[in-house]
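**Q** Given next are the chains, with one letter for each unit.
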Amino acid sequence: MQVLVRYLTKKRDGAIATRDELVGCETVNLGRGTDNEVELPAAGVLLHEGVLHKREGGLFFEAEGDGSNNISFDGKPIDSGSVKVGSVIGIGPYDVTVLPPEGEAEIALAVELVRPIGDALETLRANSRTRLEQSGIGKRPLAWGAIALILLAFFVWPVIDVYVIDRADPDLLKSPLEMSTDSENWPLAGDLAWVTGPISGPHKFLAQNCSSCHERPFVQVQDDVCTDCHAEIAHHVDPKVHELPEVTTALCQTCHKEHQGNEPIIRQDQAFCSSCHEGLQDVAGDTKLANVSNFGSNHPEFRPSVVTDATAGTVERVLLDTANWPVENSNLAFTHKKHLNPQGILVPGQRERRVMDCADCHASDDADYGFSAVVMEDHCGECHQLNFEPTVPTRLLPHGNVETVVESLREFYGNLALRGGAQVVDAPAVVRRRPGGRSLNEEERLEALDWANKAAEDAGDRVFAKSVCGTCHEVTRTGDGPLDYSLAPVIVTDRWLPKGRFDHSRHSSSDCVDCHAAPDSDKATDVLLPQIATCQACHGGESAVDRVPSTCIACHDFHFDFHQPMRPFVQNAHAEEG
Amino acid sequence: MHTSILLFRNFRYLKISVAILAVSIIAYAIHDPLGKPNGGTWLGYTLGGLAAFLIVWLAWFGVRKRQYGVGKLLLEDWASAHVYLGLSLLVIATLHSGFQFGINIHTLAYALMVLVIGSGAFGLYAYMRYPRLRSVKRGEGSLGDVWELVAGMSRDCYEIARDLPDEVYGLVEAADKKTRIGGSMWRQLSGTNPNCASTNALDQVRDLAEGYSGREADAARRLVTVLARKVELLTRIRKDIQYKALMDIWLYFHIPLSVALLGALAIHIISVFLYW
Chain P
24 MQVLVRYLTK KRDGAIATRD ELVGCETVNL GRGTDNEVEL PAAGVLLHEG
74 VLHKREGGLF FEAEGDGSNN ISFDGKPIDS GSVKVGSVIG IGPYDVTVLP
124 PEGEAEIALA VELVRPIGDA LETLRANSRT RLEQSGIGKR PLAWGAIALI
174 LLAFFVWPVI DVYVIDRADP DLLKSPLEMS TDSENWPLAG DLAWVTGPIS
224 GPHKFLAQNC SSCHERPFVQ VQDDVCTDCH AEIAHHVDPK VHELPEVTTA
274 LCQTCHKEHQ GNEPIIRQDQ AFCSSCHEGL QDVAGDTKLA NVSNFGSNHP
324 EFRPSVVTDA TAGTVERVLL DTANWPVENS NLAFTHKKHL NPQGILVPGQ
374 RERRVMDCAD CHASDDADYG FSAVVMEDHC GECHQLNFEP TVPTRLLPHG
424 NVETVVESLR EFYGNLALRG GAQVVDAPAV VRRRPGGRSL NEEERLEALD
474 WANKAAEDAG DRVFAKSVCG TCHEVTRTGD GPLDYSLAPV IVTDRWLPKG
524 RFDHSRHSSS DCVDCHAAPD SDKATDVLLP QIATCQACHG GESAVDRVPS
574 TCIACHDFHF DFHQPMRPFV QNAHAEEG
Chain G
2 MHTSILLFRN FRYLKISVAI LAVSIIAYAI HDPLGKPNGG TWLGYTLGGL
52 AAFLIVWLAW FGVRKRQYGV GKLLLEDWAS AHVYLGLSLL VIATLHSGFQ
102 FGINIHTLAY ALMVLVIGSG AFGLYAYMRY PRLRSVKRGE GSLGDVWELV
152 AGMSRDCYEI ARDLPDEVYG LVEAADKKTR IGGSMWRQLS GTNPNCASTN
202 ALDQVRDLAE GYSGREADAA RRLVTVLARK VELLTRIRKD IQYKALMDIW
252 LYFHIPLSVA LLGALAIHII SVFLYW
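Protein chains in written order, with my numbering: chain P, 24 to 601; chain G, 2 to 277.
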């Protein structure tokens, strides 16, 4: 039979071009391959899609292959069936329409590519994304997202946390909404992100509550925040004497820098002091202080506060000058050499000689970095006993002033005379009578008191002489009357270097005599301080490499207790008067 | 242009940057503040102010480059200064910090700045290196021509495979319809495609062809030849896409991080004075 195959091609302008082919065959094969009567050479078509053959009563289309064909009949997904004129068999992208027989052809078919799958170039372009902008991730959304996240987390939330949410009254009954805005229910205090550095060790207990110091926004931390706790902090210089506003009126935080990590908030650096003290005349012209810039290389010799005249109460700062060593006149007679005799010293009532050492008298006092005061009763009294009456050797005089001693003597002998029972050999009978007998008559009482006065005066003369008080004290007779004595006032130095601080406990690895030449001191007037060279043998300045690096603060305070508190500030007296 | 940015006006902006750095470093070395060096001393505020100004000015480059013929300076001036002053910012901001870092908004701002400068440095490297590699790799004409070549090969494949069994033709179809160039950001950056339909088709057709004979074997051999050329061409295109992606990807860090930095910088400055 003859089959007319009419290939329809849609042109660009919409017109349809036709190409007719007349094929002679028994059956009509349709498919991609060139061996088909109807060639369908497009993607999506199998090599052999099916076959159209005549049957009784008409045409029949039968699909071939494994059933993966993409065939439809008049739009229905059936792959085999009878075909009439007007039927449309869809094969892949093609529609094959059965036309009425035409001319010599028994069967006429129109073939049109109605569902083109697209050009290879367009397909490739459609599949591909070759610019990053096409990947769906944009720079703008990323940028907005990032800045929004940062603003929310590190500004909006902290501001709400600090200035909106009420931290007070946690016990108050709250609605769920209030609960949700209560910072205690939040995992993080927002403003912690603002901390510029860890708060210093002593202030760490404030670390969670920024507003305890940062009271008002955009205002520097004020001094009253500091003086809430540190009320006693005193001036470096007396503002009434020195007009140095940069020292007397500076804010606390000028020097005490917080949030510097675990650094001490107290300045340790040498330059902090030396910036003024290496040329102090430029800062305070009338100063009596010597210049200093470095402990190891430029620190003046010590000038201890020496009692140069205890009688007049004179205390002077005297240079430790080898050629002209200071002399202390404390009005106390004492030599270290005698007491530190390596053979020991005699102790009353004991056969053995006792070898003394420094700690027998100088007890360390950690609170004051030094030693507690030497107390006569505690440290001297065991040997230097203040007994006065040979028949009552256990009775001791109080260690006090002359009046107290005289009063004690008169009381003792008056009591002894009136009570009786005295063992004194040359005392009258009334004094030596057995106690507890009859009452004394007036005459006997006068006799007893007369003896008591005499005995007290005799004892006083003995006591105030060399043997007892005079052993250590300068005793002078002040008149011709009985018991007219006076003792030269004694001033014992407590702090030789009151503007410095020396912690003996931290030098316990050294012997006392390494610094203090006490064993050879045979005069009470010796000042047994070492010169600065002794310290410098071990300690150097801040940047010392072969000594212990030591800055000013190691020995000196900045705030001196003997000045008035820095806050509230009291105006310079000179300025007021001027 | 990349070379001219660095050499521009006989290294004028390099010289300016070196001068700023020299002054900053010497000032830092001489400066002896109370306590540790930090952003709160007079030098700290000075360096911080300079760094903040530079950051805002450098960011303004993003605005300036979209304007044409504005101001006295050429865009090349801006680009050259952007590179050198941006790099010097690394030193200035570090000196401002006094080498104090922590877990806070201040160090976050610093870290963002370092990332911005780092991504910018990569961008500079990419602009100096990859354009040259691209021109070498492309060889034959513009990218558009190369794509035409690929499409033409796909068409050739259909033609050649027309009488070959459906399983081969299916592979040819897949190679045409499913081959993609680039794709996701990562795919573009990797410069490869491990599931390329064309490569897959080439491999399988090669295997199938071993069982053919006669005309089929002849067609299959021609098909393998064309597919192989297509795959080779695709590989080169993907490499080219990779270079292009590398030249662009740093901006995906540089720009958003710059904007984030501006936010963090503002919070850094405000919070420092809020809690003065």
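Mixed in with the good hints there might be a few duds.
[Said to hold, decoys possible] Heads up, simulated BS3-like pairs for lysine-lysine below, C-alpha to C-alpha not over 30 Å straight-line: (1) P/Lys263 to P/Lys280; (2) G/Lys37 to P/Lys162; (3) G/Lys178 to P/Lys34; (4) G/Lys37 to P/Lys522; (5) P/Lys34 to G/Lys179; (6) P/Lys33 to G/Lys178; (7) P/Lys162 to G/Lys179; (8) G/Lys37 to P/Lys227; (9) P/Lys360 to P/Lys489; (10) G/Lys66 to P/Lys162; (11) G/Lys178 to P/Lys99; (12) G/Lys179 to P/Lys33.
[Stated by the list, open to error] Pair ranges (Cβ atoms, derived): (13) G/Phe100 to P/Pro521: 38 to 48 Å; (14) P/Gly159 to G/Leu7: 28 to 38 Å; (15) G/Phe123 to P/Gln291: 15 to 25 Å; (16) G/Arg67 to P/Gln291: 29 to 39 Å; (17) G/Lys16 to P/Asp309: 49 to 59 Å; (18) G/Pro132 to P/Ile101: 56 to 66 Å; (19) G/Tyr46 to P/Gln291: 53 to 63 Å; (20) G/Pro132 to P/Val182: 40 to 50 Å; (21) G/Glu160 to P/Thr41: 15 to 25 Å; (22) P/Asp526 to G/Lys16: 50 to 60 Å; (23) G/Glu160 to P/Ser91: 32 to 42 Å; (24) G/Phe100 to P/Phe394: 37 to 47 Å; (25) G/Tyr46 to P/Arg518: 41 to 51 Å; (26) P/Val260 to G/Tyr46: 21 to 31 Å.
These aren't lab readings, by the way, just hints derived from the structure by calculation.
Beta carbons: idealized from backbone N, C-alpha and C, even for Gly.
**Q** Now, for every hint given, state plainly whether the structure supports it.
**A** Quick rundown of the hints versus the structure:
This hinted pair checks out: P/Lys263 and P/Lys280 have alpha carbons roughly 27 Å apart, not beyond 30 Å. Between G/Lys37 and P/Lys162 the CA atoms are separated by roughly 40 Å; this puts the pair beyond 30 Å, and the hint is violated. About 24 Å separates the Cα atoms of G/Lys178 and P/Lys34, which keeps this hinted pair within 30 Å; it holds. Restraint check: the Cα-Cα separation between G/Lys37 and P/Lys522 comes to about 28 Å, which is no more than 30 Å; the hinted pair holds.
A distance of roughly 28 Å separates the Cα atoms of P/Lys34 and G/Lys179; the hinted pair therefore holds under the 30 Å criterion. With a C-alpha separation of about 23 Å, the suggested pair P/Lys33 and G/Lys178 falls inside the 30 Å cut-off, and the hint holds. Only pairs whose Cα atoms come within 30 Å are accepted, and P/Lys162 paired with G/Lys179 is accepted, the gap being roughly 29 Å. The suggested pairing of G/Lys37 with P/Lys227 holds, with an alpha-carbon distance near 19 Å, which does not exceed 30 Å.
With a C-alpha separation of about 20 Å, the suggested pairing of P/Lys360 with P/Lys489 holds against the 30 Å cut-off. Taking the CA atoms of G/Lys66 and P/Lys162, the gap is near 16 Å; set against the 30 Å cutoff, the hint holds. For the proposed pair G/Lys178 and P/Lys99, the alpha carbon gap of about 26 Å is at most 30 Å, so the pair holds. Proximity of G/Lys179 to P/Lys33 is assessed by CA-CA distance (about 27 Å); at most 30 Å being required, the pair is judged to hold.
One distance hint, 38 to 48 Å for the beta-carbon pair G/Phe100 and P/Pro521, holds here, with the actual separation near 41 Å. In this structure, P/Gly159 and G/Leu7 meet the distance hint of 28 to 38 Å, their C-beta atoms being roughly 34 Å apart. Distance hint for G/Phe123 and P/Gln291: a CB-CB separation of about 44 Å, inconsistent with the stated range 15 to 25 Å. Taking the beta carbon of each, G/Arg67 and P/Gln291 are about 54 Å apart, not inside 29 to 39 Å as hinted.
Range check, G/Lys16 to P/Asp309: Cβ separation about 53 Å, and the 49 to 59 Å hint holds. Here the CB-CB span from G/Pro132 to P/Ile101 is close to 59 Å, well matched to the stated 56 to 66 Å. Under the hint 53 to 63 Å, the C-beta atoms of G/Tyr46 and P/Gln291, about 24 Å apart, miss the expected range. Between G/Pro132 and P/Val182 the beta carbons are some 47 Å apart, a value that agrees with the proposed interval 40 to 50 Å.
A hinted range of 15 to 25 Å for the beta carbons of G/Glu160 and P/Thr41 is consistent with their spacing of about 23 Å. For the pair P/Asp526 and G/Lys16, the supplied restraint of 50 to 60 Å holds, since their beta-carbon distance comes to about 57 Å. Hint check: G/Glu160 to P/Ser91, Cβ distance near 22 Å, so the stated range 32 to 42 Å is violated. Distance hint check for G/Phe100 and P/Phe394: the Cβ-Cβ separation is about 45 Å, which falls inside the suggested range of 37 to 47 Å.
Checked against the hint of 41 to 51 Å, the pair G/Tyr46 and P/Arg518 passes, with Cβ atoms roughly 43 Å apart. For the hinted restraint 21 to 31 Å between P/Val260 and G/Tyr46, the CB-CB distance of approximately 29 Å keeps it satisfied.
Hints 2, 15, 16, 19, 23 from the earlier list are contradicted by this structure; the remaining hints agree with it.
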